[in-house]
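Fit chain H to the supplied structure of chain B, relying on the hints for placement.
Each chain, written out:
There are 2 protein chains.
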Amino acid sequence: MDEALSLSGCRALDAADRLKPLRAQFELPPGLIYLDGNSLGALPHSAADAVQHALQQEWGHGLIRSWNDAGWIHRAQAVGDAIAPLVGAGAGELVVADSTSVNLHKVLWAAIGLVQQRGLQRHVLVTDRDNFPTDRYIAQGVCDAWKWTVREAGLAPDTPVQAAPGGNPRSAAILAALSDPQVGVVMLTHVDYRSGALHDLAAINRAARAAGVLTVWDLAHSAGAVPVDLKATAAQADFAVGCGYKYLNGGPGAPAFVWVHPSHVNAVEQPLRGWLGHAAPFDFEAGYRPAQGIARYVCGTPPILSLTALQAGVSTLRAADPLGGMAALRAKSLSLTRTFMRASRAAAQAHGLELATPTRDEHRGSQVSWACGPRAPDGYAVMRALIARGVIGDFRASPRPGLPDILRFGFAPAYNTHEEAWLAAQALGGALGQVAQQGPGTSARPRVT
Amino acid sequence: MDEALSLSGCRALDAADRLKPLRAQFELPPGLIYLDGNSLGALPHSAADAVQHALQQEWGHGLIRSWNDAGWIHRAQAVGDAIAPLVGAGAGELVVADSTSVNLHKVLWAAIGLVQQRGLQRHVLVTDRDNFPTDRYIAQGVCDAWKWTVREAGLAPDTPVQAAPGGNPRSAAILAALSDPQVGVVMLTHVDYRSGALHDLAAINRAARAAGVLTVWDLAHSAGAVPVDLKATAAQADFAVGCGYKYLNGGPGAPAFVWVHPSHVNAVEQPLRGWLGHAAPFDFEAGYRPAQGIARYVCGTPPILSLTALQAGVSTLRAADPLGGMAALRAKSLSLTRTFMRASRAAAQAHGLELATPTRDEHRGSQVSWACGPRAPDGYAVMRALIARGVIGDFRASPRPGLPDILRFGFAPAYNTHEEAWLAAQALGGALGQVAQQGPGTSARPRVT
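The listed protein sequences derive, respectively, from chains B and H.
For the first sequence, my numbering begins at 5 and goes up steadily by one.
For the second sequence, my numbering begins at 5 and goes up steadily by one.
Rather than coming from a laboratory, the hints here were simulated on the basis of the structure.
Incorrect hints may appear among the rest.
[Unchecked claim] Partner residues aside, some chain H positions facing chain B, computed with beta carbon under 10 Å:
1. ALA46
2. LEU309
3. ALA440
4. GLY443
[Unchecked claim] Where chain H lies over chain B, by a calculated footprint (3+ residues, C-beta under 8 Å):
5. 310–316
6. 394–403
[To be verified] 20 Å max Cα-Cα, derived SDA-like pairs, lysine to any residue:
7. H:LYS151 - B:GLN120
8. B:LYS235 - B:ALA331
9. B:LYS235 - B:ALA214
10. B:LYS151 - H:TRP150
11. B:LYS151 - H:GLY443
12. B:LYS151 - B:GLU273
13. H:LYS151 - H:ARG122
14. H:LYS151 - B:ASP148
15. B:LYS151 - H:GLN121
16. H:LYS151 - B:LYS24
17. H:LYS151 - B:GLN121
18. H:LYS151 - B:ALA331
19. B:LYS151 - H:ARG22
20. B:LYS24 - B:LEU36
21. B:LYS151 - H:HIS268
22. B:LYS151 - H:GLN120
23. B:LYS151 - H:LEU118
24. H:LYS151 - B:TRP150
25. B:LYS151 - H:GLU273
26. B:LYS235 - B:GLY94
27. B:LYS151 - B:ARG126
28. B:LYS151 - B:LEU179
29. B:LYS151 - B:PRO173
30. B:LYS151 - B:GLN166
Using N, Cα and C, we set each Cβ at its ideal position, and we do this for glycine too.
Just chain B, same shape as in the assembly:
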């Protein structure tokens, strides 16, 4: 029986979904199938209420008093503590601050600082060749400052897609690079932003620990959709950052998070010495004395309105705790992406699309990406036609020769359904047929994050 390949089968899966109650937490425009929660998560009703309260009551009425009376001063840590269990971190180990980019700068600087402090003659940082641009740019900047070298390893994320039995090819290429004794730090994004391929976080952490290499993970496309165990036995990570506005549903440009393994956090400083990272910020001491623990990764005053929306967003995922938590979210996510891959495959392949996302569950994040092969119609035009049919995914142009354009479909297990996956697959088939027949048209390409 192949329930997922019929609308009624998908509806049956949704009817049996334990996480079904979570969807009612969100504002979802009627008539729209939203498959871009990996770019910007949907609005939780509670975010609108919480931000309105922060505006009118806390700011408008409480004014400066709300730093104490409304707990603004503790909010970044409170939201960090709410995120922590989603990624396997302990309470007090993870804090919300700044953007993913700025946090990555902090942890890379600290990681290299730690290698130097240990007196190791290592000066190479390894990363994926096709890691997200900000990660590569930030890494290059930090390495320039420390006179380290960035070594790009890994496969191009789009080829080969499907693993040989037993192996994660993307991770294997990284593992091979860790044995060079010059390597001091490896920085990776857990889920590839283009293909949705998932690194084997535990295997890389184990190998890195064995090789004396520090690990820095970007969890932008994992947190809230893919379980992460930063402190897994014998496979502990060293540093991690992540994004608030994707699967954590924190709103546009929500502040990001940062985690440092407790065994390192007090051993090294991060480079952005803002007053709120000071051990005693309100004593206004002459010299900088970093706070103990993850609080030292805070820099300036956090954007309270955006932070409040993030708090509401995180609570939509923590609502899954009594329903199976991240394990249940992961199971549903895999079921959704599996459904969409199978339901869209025939039409996609007939129009020259190639699956960029691994079909094996353990190699896949929470998105499905179809690559535009040489026979495929213009991918941008296909996505425009699909949006006109009420299905929002996104289009990622090729960043360099040899890589294809990509059609991305993110599945947020907190609100997407199997019925949506099935209907979106039908709409994709229709959009492909339309563009193949009419040509791409001339609309300008949009700029989206």
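This is chain H only, laid out in the frame that chain B set:
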């Protein structure tokens, strides 16, 4: 005639105030006199509306499409362009990004980079001994990385308060430090956060230019209250940052702004290479290529909800444009602080308070600070008693031996009135008498920004 020293005189000044219509833009809790707009500006009605729109319509309904359709992608630059004329910057020269602390890190790094690039044998950064902690911490961090030295100059901000005829003593102490040929950069806060003393920005810029020293200004307590002319003829500044949540009324933790003189902006990079500072962020190029102009000072994705509130906050000041603009705001600010100083002086001095703020207009920002002399009652208890009487100022404990505790009263010319200044002075007298009689009590000291 001394109108300011009576309630009716103050009411007459308010009745004649051309800027009177601006106050109606704000939510101001009834029965409260709010004199802490230098810590957190009041809520504009339009901010509540704009953020609600950004939440419900832009995020909730528009979802990812709002990066284009609602102009999120241009908002940081749009708000920067709205702030620019308030500080004498040109359109396209100033952008909103990150926090003041993070922006200070960027500009200090760039300023030192520029000195190095020019091949100058300078490696000293001069700053005020009692500059705001974040500024000193950040400067020390950047100087450590570049192997530069931070040299603290200036007077302690609280002594001597009143200038000899003709001179600004705080600025004179800095000017004296600029002649050392080892000095490459001078970093100053325009308005001192404790005393409210104002630096002579033009004189320091002129002297710095003559000495080949680059200037970095923190405009946290100036923007929106004190006119700044970053590009004054023959007295141009080099770099500036400022705060969104004080007189710009941007809300708690609002993002900050950064300006770089157009002659430098493309000559040097800032160190936080986030993707949104890239020349072509949506091309996802392999290497970092900084944007032309101030856009290179953007790093990660901006917090749109907080940015939207800042946009509304800035518009409350731009509403002064047809009413005389920053010059009118400055005139009113000086009148308010003058009124408060005069109305509070007798009671304050009778209880051992000493005026920490310069009485000369050209040496004063937009706040009045009373220092707790040796005979004064406990300042924290006085501020608590004052708040209980419906007047919110703030208390700043001594940061080091030799400096007094401070009672601060910020005057926001966009919404504060002479009547409030007069009533607050009466309440201060009452609070002083109460604490002198009853003793300080035992309440814990709060933590506020």
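Here is how each hint holds up against the structure:
1. Taken as an interface hint, ALA46 of chain H checks out: its beta carbon lies about 7 Å from the nearest beta carbon of chain B, inside 10 Å.
2. Taken as an interface hint, LEU309 of chain H checks out: its beta carbon lies about 5 Å from the nearest beta carbon of chain B, inside 10 Å.
3. Interface restraint check: ALA440 of chain H against chain B, minimum CB-CB distance 25 Å, threshold 10 Å, status violated.
4. For GLY443 of chain H, the interface hint is violated, the least distance from its beta-carbon to any beta-carbon of chain B being 23 Å, above 10 Å.
5. With 3 residues carrying a beta carbon less than 8 Å from a beta carbon of chain H, the region 310–316 of chain B meets the three-residue requirement, and the given coverage holds.
6. Only residues whose C-beta sits within less than 8 Å of a C-beta in chain H count toward coverage, and the region 394–403 of chain B has 5 of them, enough to reach three; the restraint holds.
7. A C-alpha spacing of about 17 Å is found between LYS151 of chain H and GLN120 of chain B, which places the hinted pair at or below 20 Å, so the restraint holds.
8. A distance of roughly 16 Å separates the Cα atoms of LYS235 of chain B and ALA331 of chain B; the hinted pair therefore holds under the 20 Å criterion.
9. In summary, the hint linking LYS235 of chain B to ALA214 of chain B is supported, as the alpha carbons are separated by about 15 Å, within the 20 Å threshold.
10. Between LYS151 of chain B and TRP150 of chain H, the direct Cα distance comes to roughly 13 Å. Compliance with the 20 Å bound is thereby established for this hinted pair.
11. At roughly 60 Å between alpha-carbon atoms, LYS151 of chain B and GLY443 of chain H are farther apart than 20 Å, so this suggested pair is violated.
12. Restraint check for LYS151 of chain B and GLU273 of chain B: satisfied, since their Cα atoms lie roughly 18 Å apart, inside the 20 Å limit.
13. Taking the CA atoms of LYS151 of chain H and ARG122 of chain H, the gap is near 17 Å; set against the 20 Å cutoff, the hint holds.
14. A C-alpha spacing of about 16 Å is found between LYS151 of chain H and ASP148 of chain B, which places the hinted pair at or below 20 Å, so the restraint holds.
15. In summary, the hint linking LYS151 of chain B to GLN121 of chain H is supported, as the alpha carbons are separated by about 17 Å, within the 20 Å threshold.
16. Of the supplied pair hints, the one linking LYS151 of chain H and LYS24 of chain B is violated, its CA atoms being roughly 58 Å apart against a limit of 20 Å.
17. The straight-line distance between the Cα atoms of LYS151 of chain H and GLN121 of chain B is roughly 17 Å, inside the 20 Å bound, and the hint therefore holds.
18. Annotation: proposed proximity of LYS151 of chain H to ALA331 of chain B is violated, straight-line Cα distance about 49 Å (limit 20 Å).
19. With a C-alpha separation of about 58 Å, the suggested pair LYS151 of chain B and ARG22 of chain H falls outside the 20 Å cut-off, and the hint is violated.
20. The hinted pair formed by LYS24 of chain B and LEU36 of chain B meets the criterion: a straight-line CA distance of about 18 Å does not exceed 20 Å.
21. Taking the CA atoms of LYS151 of chain B and HIS268 of chain H, the gap is near 25 Å; set against the 20 Å cutoff, the hint is violated.
22. For the hint linking LYS151 of chain B to GLN120 of chain H, the alpha-carbon distance of about 17 Å falls within 20 Å, and the restraint holds.
23. Among the hinted pairs, LYS151 of chain B with LEU118 of chain H is consistent with the structure: their alpha-carbon atoms are about 19 Å apart, no more than 20 Å.
24. Distance check on the hinted pair: LYS151 of chain H and TRP150 of chain B sit about 13 Å apart at the alpha-carbon level, within 20 Å; holds.
25. Pair hint LYS151 of chain B plus GLU273 of chain H holds up; C-alpha atoms about 17 Å apart against a cutoff of 20 Å.
26. Among the hinted pairs, LYS235 of chain B with GLY94 of chain B is consistent with the structure: their alpha-carbon atoms are about 9 Å apart, no more than 20 Å.
27. As the CA atoms of LYS151 of chain B and ARG126 of chain B are separated by approximately 11 Å, the hinted pair is consistent with the 20 Å bound.
28. With a CA separation close to 24 Å, the supplied pair LYS151 of chain B and LEU179 of chain B exceeds the 20 Å bound.
29. For the hint pairing LYS151 of chain B with PRO173 of chain B, the CA-to-CA distance comes to about 30 Å; that exceeds 20 Å, so the pair is violated.
30. Between the alpha carbons of LYS151 of chain B and GLN166 of chain B the distance comes to roughly 37 Å, so the proposed pair goes past 20 Å and is violated.
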